[in-house]
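Number of protein chains: 2
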Amino acid sequence: MNERVFNFSPGPATLPLPVLQEAQQNLLALPGAGASILEISHRSKTFEQIIAQAEHNIRQLLRLPQEYHVLFLQGGASLQFSQVPMSFLHAPGRYAEYLVTGSWAKRALAEAQREGDVRVVWDGKSDNYRRVPKPGEYETTPGAAYVHFTSNETIQGVQFPSEPEAGRVPLVCDASSDFLSRPIDVRRYGLIYAGAQKNVGPAGVTIVIIRQDLLEQVTDDLPTMLNYKVHVEHRSLYNTPPVFAVYIVLLVTRWLLENIGGLEQMYAINRQKAQMLYDAIDRSEGFYRAHAQPDSRSLMNVTWRLPNEELEAEFVKQAKEAGLHELKGHRSVGGIRASIYNAMPVEGVRALVQFMQHFHQKHA
Amino acid sequence: MNERVFNFSPGPATLPLPVLQEAQQNLLALPGAGASILEISHRSKTFEQIIAQAEHNIRQLLRLPQEYHVLFLQGGASLQFSQVPMSFLHAPGRYAEYLVTGSWAKRALAEAQREGDVRVVWDGKSDNYRRVPKPGEYETTPGAAYVHFTSNETIQGVQFPSEPEAGRVPLVCDASSDFLSRPIDVRRYGLIYAGAQKNVGPAGVTIVIIRQDLLEQVTDDLPTMLNYKVHVEHRSLYNTPPVFAVYIVLLVTRWLLENIGGLEQMYAINRQKAQMLYDAIDRSEGFYRAHAQPDSRSLMNVTWRLPNEELEAEFVKQAKEAGLHELKGHRSVGGIRASIYNAMPVEGVRALVQFMQHFHQKHA
Numbered sequence: 000m001n002e003r004v005f006n007f008s009p010g011p012a013t014l015p016l017p018v019l020q021e022a023q024q025n026l027l028a029l030p031g032a033g034a035s036i037l038e039i040s041h042r043s044k045t046f047e048q049i050i051a052q053a054e055h056n057i058r059q060l061l062r063l064p065q066e067y068h069v070l071f072l073q074g075g076a077s078l079q080f081s082q083v084p085m086s087f088l089h090a091p092g093r094y095a096e097y098l099v100t101g102s103w104a105k106r107a108l109a110e111a112q113r114e115g116d117v118r119v120v121w122d123g124k125s126d127n128y129r130r131v132p133k134p135g136e137y138e139t140t141p142g143a144a145y146v147h148f149t150s151n152e153t154i155q156g157v158q159f160p161s162e163p164e165a166g167r168v169p170l171v172c173d174a175s176s177d178f179l180s181r182p183i184d185v186r187r188y189g190l191i192y193a194g195a196q197k198n199v200g201p202a203g204v205t206i207v208i209i210r211q212d213l214l215e216q217v218t219d220d221l222p223t224m225l226n227y228k229v230h231v232e233h234r235s236l237y238n239t240p241p242v243f244a245v246y247i248v249l250l251v252t253r254w255l256l257e258n259i260g261g262l263e264q265m266y267a268i269n270r271q272k273a274q275m276l277y278d279a280i281d282r283s284e285g286f287y288r289a290h291a292q293p294d295s296r297s298l299m300n301v302t303w304r305l306p307n308e309e310l311e312a313e314f315v316k317q318a319k320e321a322g323l324h325e326l327k328g329h330r331s332v333g334g335i336r337a338s339i340y341n342a343m344p345v346e347g348v349r350a351l352v353q354f355m356q357h358f359h360q361k362h363a
Numbered sequence: 000m001n002e003r004v005f006n007f008s009p010g011p012a013t014l015p016l017p018v019l020q021e022a023q024q025n026l027l028a029l030p031g032a033g034a035s036i037l038e039i040s041h042r043s044k045t046f047e048q049i050i051a052q053a054e055h056n057i058r059q060l061l062r063l064p065q066e067y068h069v070l071f072l073q074g075g076a077s078l079q080f081s082q083v084p085m086s087f088l089h090a091p092g093r094y095a096e097y098l099v100t101g102s103w104a105k106r107a108l109a110e111a112q113r114e115g116d117v118r119v120v121w122d123g124k125s126d127n128y129r130r131v132p133k134p135g136e137y138e139t140t141p142g143a144a145y146v147h148f149t150s151n152e153t154i155q156g157v158q159f160p161s162e163p164e165a166g167r168v169p170l171v172c173d174a175s176s177d178f179l180s181r182p183i184d185v186r187r188y189g190l191i192y193a194g195a196q197k198n199v200g201p202a203g204v205t206i207v208i209i210r211q212d213l214l215e216q217v218t219d220d221l222p223t224m225l226n227y228k229v230h231v232e233h234r235s236l237y238n239t240p241p242v243f244a245v246y247i248v249l250l251v252t253r254w255l256l257e258n259i260g261g262l263e264q265m266y267a268i269n270r271q272k273a274q275m276l277y278d279a280i281d282r283s284e285g286f287y288r289a290h291a292q293p294d295s296r297s298l299m300n301v302t303w304r305l306p307n308e309e310l311e312a313e314f315v316k317q318a319k320e321a322g323l324h325e326l327k328g329h330r331s332v333g334g335i336r337a338s339i340y341n342a343m344p345v346e347g348v349r350a351l352v353q354f355m356q357h358f359h360q361k362h363a
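From first to last, the protein sequence lines stand for chains A and B.
Residue 296 in numbering that gives the first Met the number 0 is what sits at position 297 of the first sequence, and the numbering runs on without skipping anything.
Residue 110 in numbering that gives the first Met the number 0 is what sits at position 111 of the second sequence, and the numbering runs on without skipping anything.
Just so you know, the hints here were simulated from the structure itself, not pulled from any lab data.
Where hints are given, some of them may not hold.
Per label pair, the in silico range of CB-to-CB distance [what the hints assert, rightly or not]:
hint, chain 1, residue 1, chain 2, residue 2, range
1, B, ALA363, A, ARG3, 57 to 63 Å
2, B, PRO141, A, ARG3, 58 to 64 Å
3, B, GLN264, A, ALA109, 45 to 51 Å
4, A, ASP212, B, GLY260, 56 to 62 Å
Think of the CB as a built atom: it goes at the ideal place given N, C-alpha and C, for glycine as much as any other residue.
Produce the complete structure using the sequences and hints provided.
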């Protein structure tokens, strides 16, 4: 009953086995601390080292310049949807521009519209959110406080192959579902936020990276807990942070550095895994049909349809019996979704490809 | 190196050993789920059962009437300091009354003052926050939206022996450091909030209990994530909740019900533990001096001084060598603080009392 399956959940999602094993081994008492990570004070030297090392690992992985601050907050991307526009749009004359590429971008937009002047510069609705915009397909303006995009849409399975154009305006990115899955052009970002529960940890911690010049623009007329300046000043220890989740982020980022070798290597593995699945779809002679257009296909969430909904339900059911769990697509898109974040091993994807081929042969 | 000590940390704090053992045993794969609690979807049947059972246990422990909703949120009491007044004080003519009994009440007050009309009806400053108000020592008014109090002050070590008077106005309580440590007169509360990391779980989940009539007063002009109505409607699953922390709350509340027998029994044990320490202080002929006045002494955080700061530092150092950790008082009060929440075993308190006696004999 305790056997581990291949878990294609869109998030919370599978974690590296060595991370789970280390957390398990130390769960009654962290070496030298005399207490569990669940029990130690966030003001203890032990935890100060944990959070400092987690930050250090993220800095190293992203090659973050010194003018970027790394925060460990709570509330998920959903709270950031509000905190970002509250921070930058409350002053007169300020506005932001949003690229709308799917369900999560729409949520970010809706919250921003409550807070200030927000302009949609591109919306993929007419294409049913099967793609991201091409360069030149939209225009941003130099006066915008920021340009917001969702680097990967978990539900639709579309992903920006690289950062969108925004001139010299800072990018603000919801990177929840592809954070630390590949190298990024970090200097183009003013702010990055990411719920940890896809690629870098369990649910319960939100990583925010903010550049000094944006930090200085944050309005002070905010509840203290929603003020990035306060969290930077207190190095994420203004109040009790989610200690255990930060600890798991430390273990995952260490795994990325030491077991994988960094983001270039992780990116190569992620491309390989996604390619295996998209090849299986494209070579199925139309039995499997990808949702996303080829140049916008996500490396994290692969979404596709079968000839009819009965076959899709049968696919999900038989896959589960074969130890391939959580493959049902989101109800708004339907079909199948395989989430293959950093920690999904190549063997899991290989098993899914084999299952797809057998299923196709049986039901073609 | 992995030996467990007696951990008197004020929070995050010690957890019941059987809870840690069960979490450890299942950390690679929850029975029947095929994945770790750190990896399962918050939309899975497994987690739906976990969060429903955690809620059920809290309802049973507090004997909550149906008109109360139980939420599992993020951001800690510090975010509630803002969310409460944002919810109830933004409309014209609305005001709230605050009882200020120590450091945490002051923080709650400061955030509320940013949001609306707030009146301090009692402040213990002139007594250096050594006590809570007596009945009749302050007046509340029937027009207040709510009366706010901090049931236990973690830093000063003062606690309301029972709910303060507020006429028919609903009480709003920051119960972070004594939640589920004793029975309460629940119908007097309109809203209770508590960070879990003292008595009921790890850092990273905030429990909010809100009565239906207060819920209906919540303004809709709020960021979605700060709207209690949204979280009630989605049963704490509007966005990804802190899955693991909720799971630990389930295990702790089950331990309270099954191992301890409920809040009456827990209260008896907590009184016994606190009495052992206060007796040791009171019988020391002035060598140890309690910070709190006798009728306001906390059952959760016992605070006291020694004849001088050198002895206090020596006490903390030698105690740690004896396996009694985290006894240093908060810098704002000084001296010693022993936090003896639900999960601190009687044996831990007994060991501390013995150490106190030996230390006194050696240094008197």
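Status of each hint after checking the structure:
no.	hint	result
1	B:ALA363 with A:ARG3: 57 to 63 Å	holds (59 Å)
2	B:PRO141 with A:ARG3: 58 to 64 Å	holds (59 Å)
3	B:GLN264 with A:ALA109: 45 to 51 Å	holds (48 Å)
4	A:ASP212 with B:GLY260: 56 to 62 Å	holds (58 Å)
When each numbered hint is compared with the structure, no violation occurs for any of them.
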